[in-house]
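Chemist: Starting from the structure of chain X, add chain H where the hints point.
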Amino acid sequence: MSSLNTFGAILTYAIELETRLTDYYKQAGNAEQASASDKRRVKLERARREFVLEITLEAIEGLDEANYALELGDTSAAGQKQAAATAARFYADVAPRINVRDAQRILEKCGKEHTAAA
Amino acid sequence: MAQKLKNYIGGDWVESSSSITTPVINPATCETIAECPESTRADVDAAVKAAQEGFEEWRRTPVLNRVQYLFRFKTMMEERFEDITKAVVEENGKTRDEARGEVRRGIESIDFATSVPVLMRNDGLEDIAAGIDETTVRQPAGVFAAITPFNFPAMVPLWFLPTAIACGNTFILKPSPQTPISAGLLYEVLHDLDLPEGVVNLIQGGKEASMAVMEHPGIKGVSFVGSTPVAKLVYETCTKHGKRVQAQGGAKNYIAVLPDADMAASVKNIMGAAYGCAGQRCLAAAVVVAVGDAHDKLKEELVKQAGNLRVGYGLNETTQMGTVVSAVAKERIERMITQGIEQGATPALDGRNAQVSGYEGGNFVGPTIVENVTPDNILAKEEVFGPVLAIMKANDFDEAIDIINSSKYGNAASLFTTNGGYAREFKYRVNAGNIGINIGVAAPSASFPFGGQKDSFFGDLHGQGMDSIEFYTERKIVIERWI
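First to last, the sequence lines map onto chains X and H.
To convert, note that position 3 of the first sequence is 3 in my numbering; the numbers rise steadily by one, no gaps.
Heads up: take any position in the second sequence, counting from 1, add 118, and you land on my numbering.
Careful, some of the hints might be misleading.
Cβ pair distances, simulated, as ranges [what the hints assert, rightly or not]:
1) X:Asp102 x H:Cys148: 35 to 45 Å
2) X:Asp102 x H:Met194: 17 to 27 Å
3) X:Lys112 x H:Asp229: 25 to 35 Å
4) H:Asn240 x X:Ala116: 51 to 61 Å
5) H:Cys148 x X:Ala116: 41 to 51 Å
If the Cβ cut is set under 10 Å, some of the chain X residues that face chain H in the computed set are [claimed, not checked]:
6) Ser3
7) Thr6
8) Ala9
9) Tyr13
10) Glu45
Don't read these hints as lab results, they were simulated from the structure.
Where is the CB? At the ideal position from N, CA and C, for every residue including glycine.
Excised from the complex, chain H in its bound form:
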């Protein structure tokens, strides 16, 4: 019997009040590696109470003391680095290097949060009227929560938790029930930091726990990363319950390639963008738009390089692409490929029914390339969230921009070119929150907000960067006169 995971509430590991569990399955070996409890509203309520009690002490802890915990958190994360990356691979299916990159990015968010003593400072003005001074201060706002996805089970929680607590708030994490183990390891590290009780709390579970987080009156704000329909639901539910919310949704990211681009080098970069994490990331390249006569050379190079990618179990260091997260995901991805072909697309490289020796039941989908994709094709319009790259054609740069801007999503878009003029126009005109120029994965570092427009983001303040300081604080204006 696999280990049943626990919640972490008020500084203690506690059993969920529910006996119902969801198996956590290694997507390559298909072994059940843990049981995730379906935590209840009562569990969430207990976490909120602990976080509210913890807030009273924590908000009065000087900010310089608060960030000392984060310096230690970083050091201890480095010590547990390989354990955590192994857990990420085992529950998610990505490669070991991708898991290392993910944890590295998470640690960068801890680095960022150690700057909060500077970033929380505010401004003031003497003699705004005779003898009257006016200043603004940022204060912690209360209990915050994050509902995080399966695709970056260690990194995405760290987009939120370190900055939230550095600002003096208390925090509740509700990770994906498909990949809850990495979050448990993060909390093992946090437990060893000896933070005051209730500062960080972990609730394992699914829909009931998520709804309880969104509706609980004791939670000030919620961060979410996931699909667009759920992001929209989270946004609507949280705002209805008076919360601030940042909900990052799905994506359909386009890459335009101009004929002047260095084709071999560009494609090498596009490989990582399309097939990194088996395409299961909101910044994955989904559609490559070949402009003008770039098409033939681009397609030839894409098929050659994608065909050489070694698909396998992520714990093998030589694996270049791992599994998708589940049998359900594999079935959905392969069904969408089939639908795209039925709608007129042509497979140039078909990853359906991929097999890996020694892992015959594994949820592998090989690198897939489909061409002759038209704007109305499902593979041009809908998020696949798998290792599928669609090739479209545009006669010129302007048509490429029109194709990209016609998408209902606006998470990321990239351009490969050696022409600075086109690069500038692309940055200026494309409606997407993260723009890459000769970069396939336009992933902002921790000190910049993670962009997102249209159906890729619901809310006002994005995760990371200065937006996160705004999100996690209340600004108070003090107007002062001594008489």
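Chain X on its own, in the form it takes in the complex:
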């Protein structure tokens, strides 16, 4: 997958991102952030299930997951801030492109939480 061109592609990428961050924070010994990432994953899975309606399935252009590649080799405090900053940038870019307000709100909230951790 490279292009984030559908509702499902964006939400699925967000779910995978939070799954990877959960593992990453666990490795880094940051239980609080690992738990927060896992909660976001659950919320995003619910958003993918509940807010997909056929009238909102319009094509999305101009987003590519390559722009949001996580660097998870560095588990230091600086590395964690960098990972959170990448995630925050991802949510800031994708939230306005989702045309379902409820799903958009969840993406915005995820972005805010990552921004606070960055």
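Modeler: Just chain H, lined up with the frame of chain X:
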């Protein structure tokens, strides 16, 4: 050897009495993913007997208890959501998001059915004459069945089953043999609800099973969704056998675009209407009528956006349009495009012979746009049920309405405009059961009936909404005097 699917009768998974099966083929990979049994009249009879026996207990189960099963059904559907959407993609070919949207809509029908304790209540009047009270009550009517299509294999069964059983009836589902797996998964969930035996039953199969359902004297009513010729046959057969019936048929849905419409935003919406589910839905946009000088800009934007759609295997999240359901469907759709061109239409975007890398044998038809389509062209008159959008021209709004109303179908029609006056006239004058204003897919939510007029619907009471409460109940009037 792919798994042979089973029927679900009287609370148990049972083999069909027939050894004949139809392969269920993944339309993208062309793999055989299951074998659907050609269930027999004997299988249907066994299901009806189980449903009749189940009815005696189920109708006496308090309605508040009945809907508790539906609350649990909803919760368990959420848990199995991704499994079911994956099955929908694998057997039908649509995209993952479209499958998710379909299952979501199905769950909305479960939500609606949990309101049955309110919706089944009726009215009464004291002292209609001196000392005489008159009341009406709604009672469950018996065994109902649904014969459902390939294009929404998870959603359409849920238009009917939850409300039917919430009203106290028992139910038999006969899904399409092209897409029977999703229905099997729904019944796996239903099995885990521990409903009383015989409340829900599943018969896999084709024509013999369908005819047996339509003719069986133990079935009170039948719901059907499919093509117009079959809907008409279902209506005639069921009424001949004394059943109530709601038969939703085919469609040729028109979208009129006025010059004042926001063209880019309108076309973005029309894309979903024309090419969502590869055009295989009864609400798909088939003809866009460009009014006045809307044509050139509209065509340019349609071709640009349709040409950018990514066609591929539905399980890939980036796919924006999947396959059509079968090789037979692909051949028919491409033949109709060819016929339309031979009759004078001009291809502006030709999706015939579409190829997708890695899925070379897949049943892909690319987004197609044909213009210069006249009212007598096959692409203006007949349902294609594929990703084909015909462009017609109308000099003015009135001519657009005349074109739309000349169709033998009346399932849906939409208007794109920023003018409220035209929007009002459109709603008022167009003969179609579902009207969209700046909405390409005029799909009613579960609490509204699914409209349909002319050759798009045969029956009186539509599926969904309050019509479904009427369909699934008998009204009894009690006139009472104590002497």
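Chemist: Look at each hint and say if it fits the structure.
Modeler: Checked hints:
1. X:Asp102 x H:Cys148: 35 to 45 Å: With a Cβ separation near 38 Å, Asp102 of chain X and Cys148 of chain H satisfy 35 to 45 Å, so the hint holds.
2. X:Asp102 x H:Met194: 17 to 27 Å: holds (23 Å)
3. X:Lys112 x H:Asp229: 25 to 35 Å: holds (31 Å)
4. H:Asn240 x X:Ala116: 51 to 61 Å: The hint (51 to 61 Å, Cβ to Cβ) holds, given that Asn240 of chain H and Ala116 of chain X are roughly 56 Å apart.
5. H:Cys148 x X:Ala116: 41 to 51 Å: holds (50 Å)
6. Ser3: holds (5 Å)
7. Thr6: holds (5 Å)
8. Ala9: holds (4 Å)
9. Tyr13: For Tyr13 of chain X, the interface hint holds, since the closest Cβ of chain H sits about 8 Å away, which is under 10 Å.
10. Glu45: Status holds, d = 8 Å.
Going through the hint list in order, the structure satisfies each hint without exception.
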